[in-house]
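For the sequence shown, the positions run 68 to 143 when this note's numbering is used.
I should point out that these hints are in silico values taken from the structure, not numbers from a laboratory.
Please note that the accuracy of each hint is not assured.
What the hints assert, rightly or not - Here are the simulated lysine to aspartate or glutamate pairs, EDC-like style, with alpha carbons at most 20 Å apart: (1) Lys90 - Glu134; (2) Lys77 - Glu88; (3) Lys77 - Glu97; (4) Lys142 - Glu71; (5) Lys77 - Glu134; (6) Lys90 - Glu129; (7) Lys77 - Asp127; (8) Lys90 - Asp127; (9) Lys90 - Glu80; (10) Lys77 - Glu129; (11) Lys90 - Asp123; (12) Lys142 - Glu80; (13) Lys90 - Glu137; (14) Lys77 - Asp139.
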Amino acid sequence: MSREQVTAQKMLELLNEVLREQKGYRPEMEFLASPPGSSGVGIWGTDTSTPYTESDTYRDAERIVHEMYEFDPHKE
Numbered sequence: 068m069s070r071e072q073v074t075a076q077k078m079l080e081l082l083n084e085v086l087r088e089q090k091g092y093r094p095e096m097e098f099l100a101s102p103p104g105s106s107g108v109g110i111w112g113t114d115t116s117t118p119y120t121e122s123d124t125y126r127d128a129e130r131i132v133h134e135m136y137e138f139d140p141h142k143e
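Work out the full structure, taking the sequences as your base and the hints as a guide.
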């Protein structure tokens with residue numbers, strides 16, 4: 068089964084939609100596009116108390132979305 072190809076904006080929207088459904092979600096949590104000029108590429112997660120990489124809530128949302136969707140740079 069192939070994953071649906073989506074734009075970066077759609078991927079960001081999907082990540083935030085799924086994030087809200089995850090156990091441990093709090094209103095201050097969201098995925099944001101990396102700011103221009105940042106050293107990282109892609110999508111960042113934000114949370115005031117837990118680093119993004121240490122939060123199962125963010126990781127679970129990413130896993131679910133990436134199982135069904137794939138970023139297609141040609142759609143940009």
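* Earlier hints that do not hold, by number -> 13
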